[in-house]
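Enquirer: Generate the whole structure from the sequences, applying the supplied hints.
To convert, note that position 372 of the first sequence is 372 in this note's numbering; the numbers rise steadily by one, no gaps.
Watch out, some of these pointers could steer you wrong.
[Stated by the list, open to error] Here are the simulated distance ranges between beta carbons:
| no. | residue 1 | residue 2 | range |
| --- | --- | --- | --- |
| 1 | 312 | 547 | 49 to 55 Å |
| 2 | 546 | 167 | 45 to 51 Å |
| 3 | 537 | 72 | 57 to 63 Å |
I should point out that these hints are in silico values taken from the structure, not numbers from a laboratory.
Ideal Cβ placement from N, Cα and C applies to all residues, glycine included.
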Amino acid sequence: MRWSDSFIPTLRDAPAEAEAASHRLLVRAGFIRQLHSGHYSLLPLGLRVHNKVADIVRSEMDAIGAQEFLLPAMHPADLWRRSGRWDLVGAEMFRLQDRNDADVVLGMTHEEVFAALAAEMSSYRDLPQIWNQIQTKFRDEPRPRSGLLRVREFMMKDSYSFDLDEAGLDAAFDAHWEAYLRIFERLDLEVMDVQASSGAMGGDASVEFMVASPVGEDDVARCDACGYRANVERARASVPPIDDPPSLPAPEQFPTPGVRTIDQLADFDGGAAADRQIKTMVMVLDGELSLAILRGDHQLNLQKLADGSGAAEIRPATAAEITARLGADPGSLGAVGVSDLPIFADEALRGRRCMTTGANEDDWHLRGVDIERDISNPRWMDLREVGAGEPCIVCGQPLGIVRCIEAGHIFKLGRKYSEAMGVSVLDADGEARTPIMGSYGIGIGRAMAAVAETHHDEKGLCWPISVAPFEAVVAILDLADESQSRAGEVLYQELSDLGVDCLCDDRELRPGVKLADTELVGIPFRITVGARSLAQGNVELTERATGETVLLTVEEAAAAIAGKIAAQRS
RNA sequence: CGGGAAGUGGCGCAGCCUGGUAGCGCACCUGCUUUGGGAGCAGGGGGUCGUGGGUUCAAAUCCCGCCUUCCCGACCA
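Expert: Written out as structure tokens, the structure is:
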């Protein structure tokens, strides 16, 4: 392709609203443009990269025996009612009516549609199956952000496995796990496969593929010593035991004028250290007021509460709700004597005695609280969020917390959707069986942004050859110079004939502009054809990633470059 | 949805406080010169100042409403 004929609108300045490096650079280098919040147009260069990412994903899915489908993006509401997600999902799903006032949705994922198709299977002989597609998903995100990293309309490779039993699911799950690691390796993304919360998708096992990046939105706890790693929504650390003094015969109320926080109570004369306090959080779980209690110096992780309680929707209670029900303001709350609300207790409180907590009366606290004795029917679960430096649950070494972009996620789904859609096959004994499903996703545009995020420098993007918009660019510095333009044209032709995905920069611009543009766009190899080297019969080969330049004779250049590129392809 | 910021030509910004009919850099068009790291000179085109209302002789500027975008928190590929 010729640059002079192409639409590659590069910008010297990035739009003011772009902050993430991938966002700024993809806009500046002419890959994407925003249409409105969360919806981006892929320009020709952007689509080339997007296609290459999708091709890599597709080839690895093919390699594990997945069959590609293309399903509708618009679904009848009925399908989502059958799975229960019409009510469950809420505002994140785009919903609309057709001309007959029938409810329809824009698919945010395709479990329902694939499961509906799977209902055509009738024998165990039809299993196992792995079905995938690369399709646009729509999600009315509360907050689109960071360019392609979080959008409302995006291409996702989603695949679904159907197996007769758990062992089959395990095999499909592991096959995807391996395939995903290969995909991210080919994208030159360093991913961590981490234990994750299954969240709203349901199911029991899930693994996320995380790319470390400050612009990510997830935190991963990682142990460098033993390799333990998990999303903080799921990660656990060991909590050193605390030696409690003997308890009082019963909780004792004492005045604490003005004390509203854990810290204030820790400093208060007659108070207690944070790790000897019980923190009481009032949350609304699916509309029901509930208490979550933790050690005073521990943080509640909302996802853990959601997973542990099974609630679909969680929010902190408002001050008004709290006062109406508990009779005190936030800051003086406690679970002692509360018997009409569900109480979720963090494991770290188990067995603790002689603790201090709010009395549900402003300016009063209780001391001498013995948890098992004084708090009625708590449901024990892991609720606390791990912090950096805490001892690893496996080996005891300090954990690190790393900010990450979630690039892929695989789930063991279970039978929720196959059951809802009436998928049933007869097994070898003639018994009806509901196949078990797995669900596996990679966001194509997000992966592209993650590559941009981790492959750039001050000059611009720096694509790995596997997904670069072009593998090489021939930059003819002075078009007016016959010998340069002739040599450049020949080289461009030879490289193209040798199968190199090549761009020819034949624009009549000053050399500085052209060189800066190729660097901004991030093409891995630049062949510079200019008077200086050409006088000796040479052209220059510059590698974008390293800036290294070597001289090659005009005659040998094409073959040498093609060889070099072939060696780097994955 | 809670908190913060911002909407002036394609991009980046100034002008607003103290109202007087819009300006700068980059980009763009024409000509000449220039040509190995974002050229120079000369000429030129392009803006309902997000939007609706109000105040005023007069509004980009002051007041009120709305819309949109971005950033920080709760959700996800």
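Enquirer: With reference to the structure, classify each hint as holding or not holding.
Expert: Now the hints, each set against the structure:
no. : hint                  : in the structure
1   : 312 x 547: 49 to 55 Å : holds, 52 Å
2   : 546 x 167: 45 to 51 Å : holds, 48 Å
3   : 537 x 72: 57 to 63 Å  : holds, 59 Å
Checked against the numbered hints given earlier, this structure breaks none of them.
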